[in-house]
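Colleague: One line per chain: the protein sequences are A and B, in this order. FYI, our numbering numbers position 311 of the first sequence as 311, with every residue one higher than the one before it. FYI, our numbering numbers position 439 of the second sequence as 439, with every residue one higher than the one before it.
In case anyone wonders, no lab produced these hints; they're calculated from the structure. This one's a predicted model, so the numbers in the text were calculated from it and none came from an experiment. All C-beta atoms in this analysis are idealised placements derived from N, C-alpha and C, irrespective of residue type, glycine included. Treat the hints with caution; some may be incorrect.
As the list claims (entries may be wrong) - With beta-carbon atoms standing in for the labels, derived distance ranges: (1) A/HIS348 with B/ALA63: 24 to 34 Å; (2) B/LEU15 with A/ALA383: 58 to 68 Å; (3) B/ILE342 with A/LYS241: 31 to 41 Å; (4) A/ARG423 with B/LEU200: 50 to 60 Å; (5) A/GLU249 with B/GLY241: 51 to 61 Å; (6) B/ALA63 with A/ALA421: 28 to 38 Å; (7) A/HIS348 with B/GLY121: 47 to 57 Å; (8) A/ARG423 with B/LEU102: 30 to 40 Å; (9) A/LYS90 with B/ILE337: 47 to 57 Å; (10) B/GLY121 with A/ARG423: 49 to 59 Å.
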Amino acid sequence: MAFLIGPMQHHIEGHKEITEANEIIKIGTDEVAISLSIGAHIATPTVQVGDRVKIGDLIGKRDDRFYVPIFSSVSGEVVAIEKRMSASLKPSDHVIIKKDDTDEFKDFEKLSLDASKEEIIAYMKTIGLLGQGGAGFPSYIKYATDKCETLIINAVECEPYITADVRNIEEHLDEFKYGVMLMLKASNASKCFVAMKSFHKETIEKLIKLFEDEEKIVVKPVKDVYPMGWERTLTYEVLKKRYDKLPIEAGAIVSNATSAITLGSTALSGRYCYERIVTVSGDNINNPHNVICRIGTPISKLIEACGGVKEDRAIIIMGGPMMGTCVTKDIVTITPISNAVNIFKEQHFKEYACLRCGRCVEHCPSSLMPVSIIEAYKFNDIAELEKLHVSDCVECGMCTFICPSKIEVTESIRRAKKLLAARKR
Amino acid sequence: MEFIYKTTPMPRRPLTTSKIMLRLLAGLLVVYAYALYQAYTFGSEYLINGILLLVVAEVVSYACEAVYALMTKQNILEIFKTSFPYITPLILVLTVPVNTSLYVIGVGTFLAVVFGKLVFGGFGQNIFNPAAVGRAIIATSFAGVVALDAITSPTLTTTLANAGWVSDSASFYYMLKDFGGLGSVLTGDYFAAMGETNTLLILVVGVLLSIFDVIDFRIPLTYLGVMFLGATVIALVSGLGIDYPITFISTGGAAFGAVFMLTDPVTNPQTRPGKIVFSALAALFTIAIRFLGNLPEGVIFSILLVNMISPVINRIFANKQVDSIKRNIIITFATIIVSILILVIIGTSVEKGTYKENTFKKFDPNAETGLAADDYSSCKAKVTDLGDGKYHVTVRGFHAIEDGGPDNEFDIVVKDGKVVSVECTVFSDTKGIGDAAISEDALSELVGVDLSSEVDTMSGCTYTSRSVVAAIQAALKEAR
Ligand code: SF4
Ligand code: SF4
Numbered sequence: 001m002a003f004l005i006g007p008m009q010h011h012i013e014g015h016k017e018i019t020e021a022n023e024i025i026k027i028g029t030d031e032v033a034i035s036l037s038i039g040a041h042i043a044t045p046t047v048q049v050g051d052r053v054k055i056g057d058l059i060g061k062r063d064d065r066f067y068v069p070i071f072s073s074v075s076g077e078v079v080a081i082e083k084r085m086s087a088s089l090k091p092s093d094h095v096i097i098k099k100d101d102t103d104e105f106k107d108f109e110k111l112s113l114d115a116s117k118e119e120i121i122a123y124m125k126t127i128g129l130l131g132q133g134g135a136g137f138p139s140y141i142k143y144a145t146d147k148c149e150t151l152i153i154n155a156v157e158c159e160p161y162i163t164a165d166v167r168n169i170e171e172h173l174d175e176f177k178y179g180v181m182l183m184l185k186a187s188n189a190s191k192c193f194v195a196m197k198s199f200h201k202e203t204i205e206k207l208i209k210l211f212e213d214e215e216k217i218v219v220k221p222v223k224d225v226y227p228m229g230w231e232r233t234l235t236y237e238v239l240k241k242r243y244d245k246l247p248i249e250a251g252a253i254v255s256n257a258t259s260a261i262t263l264g265s266t267a268l269s270g271r272y273c274y275e276r277i278v279t280v281s282g283d284n285i286n287n288p289h290n291v292i293c294r295i296g297t298p299i300s301k302l303i304e305a306c307g308g309v310k311e312d313r314a315i316i317i318m319g320g321p322m323m324g325t326c327v328t329k330d331i332v333t334i335t336p337i338s339n340a341v342n343i344f345k346e347q348h349f350k351e352y353a354c355l356r357c358g359r360c361v362e363h364c365p366s367s368l369m370p371v372s373i374i375e376a377y378k379f380n381d382i383a384e385l386e387k388l389h390v391s392d393c394v395e396c397g398m399c400t401f402i403c404p405s406k407i408e409v410t411e412s413i414r415r416a417k418k419l420l421a422a423r424k425r
Numbered sequence: 001m002e003f004i005y006k007t008t009p010m011p012r013r014p015l016t017t018s019k020i021m022l023r024l025l026a027g028l029l030v031v032y033a034y035a036l037y038q039a040y041t042f043g044s045e046y047l048i049n050g051i052l053l054l055v056v057a058e059v060v061s062y063a064c065e066a067v068y069a070l071m072t073k074q075n076i077l078e079i080f081k082t083s084f085p086y087i088t089p090l091i092l093v094l095t096v097p098v099n100t101s102l103y104v105i106g107v108g109t110f111l112a113v114v115f116g117k118l119v120f121g122g123f124g125q126n127i128f129n130p131a132a133v134g135r136a137i138i139a140t141s142f143a144g145v146v147a148l149d150a151i152t153s154p155t156l157t158t159t160l161a162n163a164g165w166v167s168d169s170a171s172f173y174y175m176l177k178d179f180g181g182l183g184s185v186l187t188g189d190y191f192a193a194m195g196e197t198n199t200l201l202i203l204v205v206g207v208l209l210s211i212f213d214v215i216d217f218r219i220p221l222t223y224l225g226v227m228f229l230g231a232t233v234i235a236l237v238s239g240l241g242i243d244y245p246i247t248f249i250s251t252g253g254a255a256f257g258a259v260f261m262l263t264d265p266v267t268n269p270q271t272r273p274g275k276i277v278f279s280a281l282a283a284l285f286t287i288a289i290r291f292l293g294n295l296p297e298g299v300i301f302s303i304l305l306v307n308m309i310s311p312v313i314n315r316i317f318a319n320k321q322v323d324s325i326k327r328n329i330i331i332t333f334a335t336i337i338v339s340i341l342i343l344v345i346i347g348t349s350v351e352k353g354t355y356k357e358n359t360f361k362k363f364d365p366n367a368e369t370g371l372a373a374d375d376y377s378s379c380k381a382k383v384t385d386l387g388d389g390k391y392h393v394t395v396r397g398f399h400a401i402e403d404g405g406p407d408n409e410f411d412i413v414v415k416d417g418k419v420v421s422v423e424c425t426v427f428s429d430t431k432g433i434g435d436a437a438i439s440e441d442a443l444s445e446l447v448g449v450d451l452s453s454e455v456d457t458m459s460g461c462t463y464t465s466r467s468v469v470a471a472i473q474a475a476l477k478e479a480r
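With the rest of the complex left out, here is chain A:
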């Protein structure tokens, strides 16, 4: 089939070695600004200025189509609720909490492995478990199905530079296992694959040992290509099945490895996961490292802890360099789904005329035709955009990456998507 469609993926230089082996730096802060908007979720505050909160106290929630609770990552006093730029580039409410030294917890209940499917799903909802791979989809909705045959734990981390997931797994093997077992139970699947890129040889060995006694759980090394960590690509790689909208159509649930750790560690300790591991990397940072910090820590602290930038003019990307978002303020703070802060030098690529070579078509993981979409966009041809399924674009960045003429293909597709969405409304 690839003979006629194209590979729909490509190897991208990972640059993972620059952070993978380094120790994890712990970053303290005396104030956090917890964003009430995480990915597409926009929550409203449930606390007021002057309130005292403990770690794990509810400070905001989304309660419309989805229920998404947001908790405090420090104990201390709410000093302000104000609009700031968030990682999604929109100004959104942030709860600013001055940290005291007590580190008091508001405990959750623990959860044993004997819990039933329903109990686990309810637990996921209580602790506000999200897909921590970037999309932030609430897990309790994903698991509320009885059609799941295969659970895929996604530890692929296909974006370049990021090593947070792998390091998180290495540091929290027991929590990871506990989380995976709970997810397996919640999914009711008969088989579970833990997918990781094959070049992490040592980690894979550790995982194989970890899951030695679990018959249903198989460690699955996958190719080092982008976007192997995307649900669709990964499901196809593991099950050789394609689906229309959600993996469950192929009988699969895909969950991120860090989500499994969050679930596992909360269930084991009964405490909210108030910190997370974040990769600080890129070609414009002096000491690239993985850091561990409270949710709500501004990225300026992370950059400072990693020795600052090399060149003064810097591009800051929240998330991976392929799909992340560029932020222009360093007061943006870490959310539960922020896995990396990548800092790059300014770059210039010589642009050529489109060769019409079709490489973007062959490599698009959604098998769209970016080159034709650009043409249709130029002519404002809405019907054509629809026919070309532009709304199925996941903005993975592959088309821009692969284009030999160095055209900003993805950016044009984003605009085309917006145009179509606006016209449809």
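Add chain B with the ligands to chain A, keeping to what the hints say.
Modeller: Structure of chain B with the ligands alone, referenced to chain A:
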């Protein structure tokens, strides 16, 4: 710290369009180098012409781009960097014979670059392969004046075309033998367009270019594959061996067109099924033109034809590739199979041509042509050099040959290899018959003749006329 806004993705694949073009250039230069070597075996003047052809073509191409840059108010150096002006002239040069005149290649390049590329808005905008445009114009408008010298050797392609492309078994094998067998055919050991002859070399370069991600191997594979399979079936039906399909795809620039011209990404569809359908149709057109039009230039014209329908093919496959995979597979394979079928039907229904042994003589650049090559040995001309370019020739006329009578005698003045005057000093043939050939008018016609001229004898007084021409030939040969 200053924050710059930049949309993701940040990383870029190292492969750039410029690198792709340089790799293509390297591939083309390999073929060109072999063509020069082959030209050298013909003689150093061919080698020099082969080099000059490229020089002229490149200069014309860069000049056109420069004028275009001035006219559109763009930076000339920038245009040179982003328009890759070196590719089209090189491809064009490789599609013409090495003895093509510099004038023709210059005009051809001009037309190729201007009408094949710049009128559309330059690199990336063109609908037709520019080199194919140039080559087609040369083929149709300059057919008579292509060659630099009088040497026109029938190529294997024209020979095949004259024999009707499909011939009976005996004819085909005679033809193959005259061309030096399958080995010569594959390695291009015969006279034809510079770049098209060495099919093996072209295919090796093609494989390398595919490995280095310059061209999509599906295109040459489909194009040559369809032709090969079709020709194989025709061969089976007509009692020919595997030599037939091999010869079929090794001639007429099929391999060159497949590897270097059909693969031009600008002028072919962007989806893989599109590229395959495009190539299958190109094969079909090539063969239709060969069989039905008996034209040697099938490859060039078929490339232009599929270039034209490429946007249509693109539309057919403009969808989400994964969702339409079944439909795409069906259309693709159906096109391939139908193309082969049509090809077989045409191939087996056209009238078979014939070819007589030894009709074709291998290209020998040192062979004499025109008057020098004509055979007048029966006239036994004897030359005496009288000095100052004046020669006295005694030569056998009608009486001398028929009944041992006396010879005719001529005084001939030669200057710079050309006849200045002819005078008959002794006329021994029949008055009233032979003297038409030595009338003042007849003799003055011969002034200016040199050894490469085509000189006909007069009918009605053949013997005498032959004796005059034989005398001139002898004098000119003596004079050089
Ligand atoms: S946009 Fe880039 S990758 Fe796509 S066809 Fe054009 S040159 Fe090729
Ligand atoms: S950004 Fe969109 S169009 Fe481009 S490769 Fe990714 S999914 Fe395809």
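Colleague: What are the numbers of the hints that this structure violates, sorted from low to high?
Modeller: 2, 6, 7, 8, 10
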